[in-house]
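J.: Each chain is listed here by its residues.
2 protein chains.
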Amino acid sequence: MIETISQTCIAPINIAVIKYWGKSDEDLIIPLNDSISVTLDTNYMFTKTTASANPSFTEDTIILNNEEGSKDNIRFINCLTEVRKLASCSKNAQTVEQSKWKVAIVSENNFPTKAGLASSASGYACLVFTLAKLYGLDTDSSELSALARRGSGSACRSMFGGFVRWHKEEPCIAKPVAPSNHWPELCCLVAVVSNRSKTVGSTEGMKRSSDTSLLLQHRVKNVVSLRIKAMEEAILQKDFVKFAELTMQDSNQFHAVCLDTYPPLFYMNSTSQAVIELVHQYNEICQQVKVAYTFDAGSNAVLFMEKSELGRFGAVFHSVFSSLPASEFFKGSSFPLEQVKDQFLDLKSNDSTKGSVQYVISCDVGEGPKLA
Amino acid sequence: MIETISQTCIAPINIAVIKYWGKSDEDLIIPLNDSISVTLDTNYMFTKTTASANPSFTEDTIILNNEEGSKDNIRFINCLTEVRKLASCSKNAQTVEQSKWKVAIVSENNFPTKAGLASSASGYACLVFTLAKLYGLDTDSSELSALARRGSGSACRSMFGGFVRWHKEEPCIAKPVAPSNHWPELCCLVAVVSNRSKTVGSTEGMKRSSDTSLLLQHRVKNVVSLRIKAMEEAILQKDFVKFAELTMQDSNQFHAVCLDTYPPLFYMNSTSQAVIELVHQYNEICQQVKVAYTFDAGSNAVLFMEKSELGRFGAVFHSVFSSLPASEFFKGSSFPLEQVKDQFLDLKSNDSTKGSVQYVISCDVGEGPKLA
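Line by line, the protein sequences give chains H and E.
Start counting the first sequence at 44; every next residue gets the next number (this note's numbering).
Start counting the second sequence at 44; every next residue gets the next number (this note's numbering).
The hints are simulated quantities; they were obtained by calculation from the structure and are not laboratory data.
Don't take each hint at face value.
The list makes no distinction among identical chains, and a pair is therefore deemed to hold if it is satisfied within one copy or across any two copies.
[Unchecked claim] Lysine-lysine pairs mimicking DSS-like chemistry, simulated, CA-CA at most 27 Å apart:
#1 LYS281 x LYS211
#2 LYS250 x LYS333
#3 LYS250 x LYS285
#4 LYS91 x LYS128
#5 LYS264 x LYS250
#6 LYS66 x LYS264
#7 LYS333 x LYS397
#8 LYS413 x LYS264
#9 LYS333 x LYS145
#10 LYS145 x LYS128
#11 LYS134 x LYS176
The whole structure should be built from the sequences, with the hints applied where relevant.
T.: This is the structure:
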């Protein structure tokens with residue numbers, strides 16, 4: 044009897060600071076514009092995937108978060124087919140043989156899925172990376188990113204650590220802008236506002252925007268390329284103020300496009316709005332941009348800042364949005380909270396904000412996928 | 044002793060269906076783009092203004108909603124100065140003399156001010172119209188609209204009944220598109236969501252958008268003129284579906300521009316969002332666009348429909364957004380409510396929608412300002 048081959052890997056989530064919204068090719072998942080993201084560390088949030096193969100398996104199977112996934116999922120099939128194609132061209136006869144075996148995939152996200160926390164990004168990046176390891180392929184990360192893209196567009200960015208740009212031009216792959224250790228002062232807080240699933244998924248939402256939003260066309264043609272250039276510069280120069288302003292403006296413009304879609308798409312809720320208002324008030328008190336927010340297709344906030352700001356902002360954020368003890372509210376990397384004082388005491392919570400953020404995960408910029 | 048001269052007039056509010064947002068001249072109040080509005084009847088909502096003058100008055104005074112207004116308000120002064128200028132050029136010697144007297148203005152809105160219900164529009168239209176009556180001027184409405192514009196941009200549109208277009212080109216006046224009796228089937232429900240004042244006023248908000256929103260520039264240059272043309276056609280042809288779609292798309296685009304502003308402007312709230320979602324669901328059940336929403340710089344919704352739809356939509360709206368008896372919930376023109384049935388029963392309220400709309404005012408398309 045032939046022994047089952049198996050590999051287990053983990054992959055990070057990534058947060059877009061220049062957003063991807065809209066495809067020029069639905070099947071190949073070619074984006075309307077370039078995007079830039081930050082890969083988060085896998086200390087707390089990650090997808091973990093085990094891929095196994097054996098000639099006795101009778102069909103490809105997938106278990107996602109302990110539930111049987113659909114084998115007919117075209118995106119899963121696309122990724123699997125593409126990696127198998129690579130393996131079948133290997134010079135190693137064993138790899139070629141193994142690529143014919145059916146696989147069993149078990150994948151798990153340790154964070155709310157389909158709530159705007161990029162679960163499909165880490166998920167498909169992990170799937171492709173794990174399959175590549177299973178077959179012992181030495182394909183480079185950029186090429187793997189193109190395969191992960193077939194599962195979920197933003198998954199291609201999770202194939203690298205640090206700061207990553209997804210280029211829309213052929214071969215439509217992600218490339219690093221700067222590695223994970225480039226800007227060690229940068230960190231973020233992920234505020235989990237709601238774990239409700241989205242009402243309109245990203246795929247359907249971005250199609251609707253492409254079809255109906257006049258503002259999206261303008262964004263794609265005239266706005267994004269300048270912002271991509273400016274964002275790359277801000278990252279390379281570690282210019283936090285520029286990075287933060289571009290991040291906030293681009294998040295807002297993405298949600299503006301959603302609102303300009305017909306019928307309109309609402310991904311942010313009143314808590315998201317309260318987070319935005321708090322960040323602007325906080326920055327105003329600081330008389331400098333110290334914190335930036337960004338929201339994907341969901342209500343959760345991702346807040347970027349430099350580590351020197353964590354203790355002060357974390358304390359303010361905790362006092363406004365939670366009644367839980369700090370030890371329960373904050374997860375991920377630990378940091379010392381300061382006491383809220385001076386003008387920051389004016390940033391009061393009210394009945395509608397208190398308790399509206401469930402918990403916060405503190406993260407650093409992190410590495411790409413790896414063996415578990 | 045010379046007797047005091049006095050006139051009392053009322054003026055309507057107007058609801059923009061192609062929105063005005065942004066000025067090319069802050070002082071003269073020249074808009075970045077044309078806009079189109081519908082004037083509402085004055086059965087329930089109106090501004091009522093009394094202007095009095097007497098040579099013994101020692102200063103110009105204004106009382107707004109029972110509170111002393113600022114005499115230094117530049118917009119009030121501009122309107123007053125412009126009407127006096129007209130009066131001082133009159134062939135009637137008495138008018139010329141009266142234009143030198145100080146005036147006492149008492150003005151009242153019978154609806155929430157500064158909550159996106161266009162209180163300044165009806166207010167300044169009424170001020171200018173009443174002053175013109177006080178001096179017995181026979182100036183035509185278009186010319187008066189240019190004077191009202193100096194008080195509040197959208198006030199120029201309240202100088203006419205029916206359907207009105209404000210032209211940005213010199214002399215920057217409003218002109219009727221169609222009179223109030225043109226489309227007698229059209230009516231609207233004004234849903235008062237909140238009577239809180241706006242956090243960022245329109246004047247400051249539109250300046251911030253002009254300064255920072257890249258999407259506003261595109262809207263002004265490439266979107267609005269086509270929509271103005273299409274909206275005029277829809278009105279002249281009484282094409283409700285076209286009218287409704289343009290109205291909703293333009294409301295959404297205006298709020299998208301607000302979100303693209305930096306820092307972003309939020310005028311709608313979670314109740315506004317629930318209204319939008321209800322309208323789209325309702326239209327989907329009807330398999331035709333039967334109701335349209337529009338939101339100005341506030342959370343209140345204005346819902347347009349044809350009168351044949353009032354009984355059914357009113358009943359659904361009432362069941363979703365209120366626990367009050369219908370007799371308390373609906374104000375303005377009365378209409379018979381139907382029973383909610385069939386698929387409309389699925390449009391359920393929940394804890395967050397129930398009670399979130401305070402009351403609803405039913406209106407027809409109405410006339411311009413007139414003597415009270």
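J.: All the hints need checking, so say for each whether the structure fits it.
T.: Each hint, compared with the structure:
1. Taking the shortest Cα distances, LYS281 and LYS211 sit within 27 Å of each other inside one copy (25 Å), while across copies they are farther apart (45 Å).
2. Taking the shortest alpha-carbon separations for LYS250 and LYS333, only the inter-copy value of 25 Å comes in at or below 27 Å, while the best intra-copy value is 35 Å.
3. Taking identical chains as interchangeable, the C-alpha atoms of LYS250 and LYS285 lie at most 27 Å apart only when they sit on different chains, with a minimum of 23 Å there against 31 Å within one chain.
4. Within a single copy, LYS91 and LYS128 get their C-alpha atoms as close as 23 Å, which meets the 27 Å cut-off; across copies the closest is 77 Å, which misses it.
5. In this assembly of identical chains, the alpha carbons of LYS264 and LYS250 lie at most 27 Å apart whether taken from the same copy (17 Å) or from different copies (25 Å).
6. For the identical chains of this complex, LYS66 and LYS264 are neighbours both inside a copy (13 Å) and across copies (25 Å), given an alpha-carbon limit of 27 Å.
7. In this assembly of identical chains, LYS333 and LYS397 lie within 27 Å of each other by CA distance solely inside one copy; the values are 23 Å within and 39 Å between copies.
8. When the C-alpha separation of LYS413 and LYS264 is checked against a cutoff of 27 Å, the pair qualifies neither within a copy, at 36 Å, nor between copies, at 49 Å.
9. With identical chains, the CA atoms of LYS333 and LYS145 are never at most 27 Å apart, being 51 Å at best within one copy and 53 Å at best between copies.
10. In the homo-oligomer, the alpha carbons of LYS145 and LYS128 lie at most 27 Å apart inside one protomer (14 Å), although the nearest pairing across protomers, at 89 Å, exceeds that limit.
11. In this assembly of identical chains, LYS134 and LYS176 lie within 27 Å of each other by CA distance solely inside one copy; the values are 16 Å within and 94 Å between copies.
Going through the hint list in order, the structure does not satisfy hints 8 and 9.
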